[in-house]
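> Those protein sequence lines, which keep their order, are chains A and B. Positions 3 to 270 (the working numbering) are the ones given, in order, by the first sequence. Positions 67 to 333 (the working numbering) are the ones given, in order, by the second sequence.
Incorrect hints may have been included.
To be clear about the criterion: a stretch of chain B counts as covered by chain A if any three or more of its residues have a C-beta under 8 Å from a C-beta of chain A, and this derived list gives those stretches [what the hints assert, rightly or not]:
(1) 71 to 78
(2) 187 to 200
(3) 218 to 231
(4) 245 to 257
(5) 264 to 273
(6) 277 to 289
(7) 298 to 305
If the Cβ cut is set under 7 Å, some of the chain B residues that face chain A in the computed set are [said to hold, decoys possible]:
(8) Pro153
(9) Ile183
(10) Leu309
If you want the footprint, here are the derived chain A segments under chain B, 3+ residues with CB under 8 Å [claimed, not checked]:
(11) 200 to 213
(12) 230 to 242
Treat the hints as calculated values from the structure; they're not laboratory data. The beta carbon of each residue, even a glycine, is placed where N, CA and C say it ideally should be.
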Amino acid sequence: MLFLALLFLWPLAEAFIVAFSGPAGQWSLENFREMADDLNFTDAVRNTLLLVVVVVPLQLALALGLGVLLGNLGRGRDAFLYIWTIPLGISDLAAGIVWLAILGERGYINSFLQALGVIDGPVLWLSYETPLALFLAVVVAEVWRATAIVLVILVAGMQLIPKEYYEAAEVFGAGAWQRFRRITLPLLKPSIQTALILRTILAFEVFAVVVVLGGRDLPVLAGEAFAWQYDYQNAGIASAYAVLILTVSLAATWLYLRLLRVREESLA
Amino acid sequence: MKPRRVLYLSLALLASIWVLVPIYLLAISAFGGPETINAWPKGLLPERISAETIAFFFAVRGVWNAIRNSIIVAVLTMLMSILLGAPAGYALARFVFPGKDGYRLLILLTRAFPIAILALPLTVRFIQIGIYDTPFAVALVHTALALPFAILVSSSLFMGVPRELEEAAWTLGCTRFQAFRKVVWPLARPGIAATMIFAFVISWNEVFAASVLTLRERTLTAFLLTSLNESPLHFRFAGGFFLILPALVFIFAVRRYLFSMWGIANR
Numbered sequence: 003m004l005f006l007a008l009l010f011l012w013p014l015a016e017a018f019i020v021a022f023s024g025p026a027g028q029w030s031l032e033n034f035r036e037m038a039d040d041l042n043f044t045d046a047v048r049n050t051l052l053l054v055v056v057v058v059p060l061q062l063a064l065a066l067g068l069g070v071l072l073g074n075l076g077r078g079r080d081a082f083l084y085i086w087t088i089p090l091g092i093s094d095l096a097a098g099i100v101w102l103a104i105l106g107e108r109g110y111i112n113s114f115l116q117a118l119g120v121i122d123g124p125v126l127w128l129s130y131e132t133p134l135a136l137f138l139a140v141v142v143a144e145v146w147r148a149t150a151i152v153l154v155i156l157v158a159g160m161q162l163i164p165k166e167y168y169e170a171a172e173v174f175g176a177g178a179w180q181r182f183r184r185i186t187l188p189l190l191k192p193s194i195q196t197a198l199i200l201r202t203i204l205a206f207e208v209f210a211v212v213v214v215l216g217g218r219d220l221p222v223l224a225g226e227a228f229a230w231q232y233d234y235q236n237a238g239i240a241s242a243y244a245v246l247i248l249t250v251s252l253a254a255t256w257l258y259l260r261l262l263r264v265r266e267e268s269l270a
Numbered sequence: 067m068k069p070r071r072v073l074y075l076s077l078a079l080l081a082s083i084w085v086l087v088p089i090y091l092l093a094i095s096a097f098g099g100p101e102t103i104n105a106w107p108k109g110l111l112p113e114r115i116s117a118e119t120i121a122f123f124f125a126v127r128g129v130w131n132a133i134r135n136s137i138i139v140a141v142l143t144m145l146m147s148i149l150l151g152a153p154a155g156y157a158l159a160r161f162v163f164p165g166k167d168g169y170r171l172l173i174l175l176t177r178a179f180p181i182a183i184l185a186l187p188l189t190v191r192f193i194q195i196g197i198y199d200t201p202f203a204v205a206l207v208h209t210a211l212a213l214p215f216a217i218l219v220s221s222s223l224f225m226g227v228p229r230e231l232e233e234a235a236w237t238l239g240c241t242r243f244q245a246f247r248k249v250v251w252p253l254a255r256p257g258i259a260a261t262m263i264f265a266f267v268i269s270w271n272e273v274f275a276a277s278v279l280t281l282r283e284r285t286l287t288a289f290l291l292t293s294l295n296e297s298p299l300h301f302r303f304a305g306g307f308f309l310i311l312p313a314l315v316f317i318f319a320v321r322r323y324l325f326s327m328w329g330i331a332n333r
């Protein structure tokens, strides 16, 4: 407990101090002003938000689908579940490299498209000249890598739903879609909430996938924080970015808690 | 087979292909020798199987050191998070104390902490106290990441051990500690092992903090990240594959515990 407090609250306080202090050590918003004036700042904010808005719902839908599918599989269920959770152990860095092999200039996608006759030769997808393709590449890589965690959380939640509910519903003539909408979704709400919060926060931190696939051609918040700290050695602005990430993460968490309020009795 | 089952199975197969094919393609990029990477158009089979790329990867200066650092950091993280996490988990499972629910929520919230806000200020502090650029410093930050999981999983494990067994041991003359060692510990051990493996993977995969907190004593992820721009493609592929390899084994080892962890975290 003490250790946790030490390792969380202390850096937090320190990050705020560094972010809010001017060159002479006084309180100032200088770092934030400089951050907002930076060329990449608007792009970084926009890209990060867009990524969250596109990736997270996709993952939730996909994971819900897979979860329901899993419940209907019967034999072979465990093997499929193992395969689907493999990406859980794959780091964002490795995931970026995986998709680099596929989407890179001499990668498999280009080869495939050429075989289909769509393109004449290798196309450079992952550059600043093709921001849309680069963005889509990151989306694909993120969905590939991080849907597994949503799936695990949802499946864990689905296992808690009593089988009798479905049987009763079937007796009363509810179809598959109705069962999903009237039983699975409402009872899964706490799990959905947890999954959404966790995934959204992690999506705000998206970093290595983007760096591998596009370098800084597709600026994102965490990538900028890293660049300011590592390349420019400016801890003040890096911390300002970190504070910004924390703020949007907390705001998103709060929003989810409000929107998907879970009633106490359903928590039992 | 009923048509419905055929449909379900083919959907499940499709999803599995979606997960596995990218890994396969990376594997043949890493093991197919330079010909496979440069081949055009590409086939779905490697041109030939060779260890050339992997050998090249290991021959690069700094790679072995980075792997060693990665392992040291991950083992340290594993030990620290279990030594701190298991007692906390036991306390959560067995004792009633004020603020218990709040404590549980707090642990979950720590997961909501952006790693950037942990790692950046600590760089400055670590330089001041002289542990910057050491595996220990990275392990400290990774422990902060892994500890919440360790506490939650171990508390769910200890809750799974019936209290009656422990009480029976007490009436038979065991002290609290003896009862823990002889009754609870053997029952919880496999789960604890899974928790440790999980902490290992979290640390092994972490990129941001490791890159910011090290300079010469890079971990493997940090090494790969910071050398991305100057390294040839096949080096990156080999590195990426080597990063994934432990993950495959580890997820298999802990698969039974993945769900107990999240089942408990939801409540």
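> If a hint holds in the structure, say so; if it does not, say that too.
Hint check:
1. Three residues within the 8 Å Cβ limit are the bar, and the segment 71 to 78 of chain B against chain A gives 5, so the coverage statement holds.
2. Requiring three or more residues with a Cβ within less than 8 Å of a Cβ of chain A, the coverage given for the segment 187 to 200 of chain B holds, as 5 such residues are present.
3. Only residues whose C-beta sits within less than 8 Å of a C-beta in chain A count toward coverage, and the segment 218 to 231 of chain B has 0 of them, not enough to reach three; the restraint is violated.
4. Given as covered by chain A, the segment 245 to 257 of chain B fails the check, having 0 residues with a CB less than 8 Å from a CB of that chain where 3 are the minimum.
5. Residues of the segment 264 to 273 of chain B lying with their CB closer than 8 Å to a CB of chain A number 5, which satisfies the three-residue condition for coverage.
6. Look at the segment 277 to 289 of chain B against chain A: 3 of its residues bring a Cβ nearer than 8 Å to a Cβ of that chain, three or more, so the hint holds.
7. Using a Cβ-Cβ cut-off of 8 Å, 4 residues of the segment 298 to 305 of chain B lie near chain A, which meets the minimum of three, so the contact claim holds.
8. The criterion of a C-beta within 7 Å of any C-beta in chain A is not met by Pro153 (chain B), whose closest approach is roughly 10 Å, and the hint is violated.
9. Interface restraint check for Ile183 (chain B): the shortest CB-CB distance to chain A comes to about 4 Å, inside 7 Å, so the restraint holds.
10. The beta carbon of Leu309 (chain B) is positioned within 7 Å of a beta carbon in chain A (closest approach about 4 Å), and the interface hint is therefore held.
11. Coverage of a stretch by a chain is defined here by at least three residues with a beta carbon nearer than 8 Å to that chain's beta carbons; for the segment 200 to 213 of chain A and chain B the count is 7, and the condition holds.
12. For the segment 230 to 242 of chain A, the stated coverage by chain B is satisfied: 5 residues place a CB nearer than 8 Å to a CB of that chain, which reaches the threshold of 3.
Hint check: violations occur at hints 3, 4 and 8; the rest are consistent with the structure.
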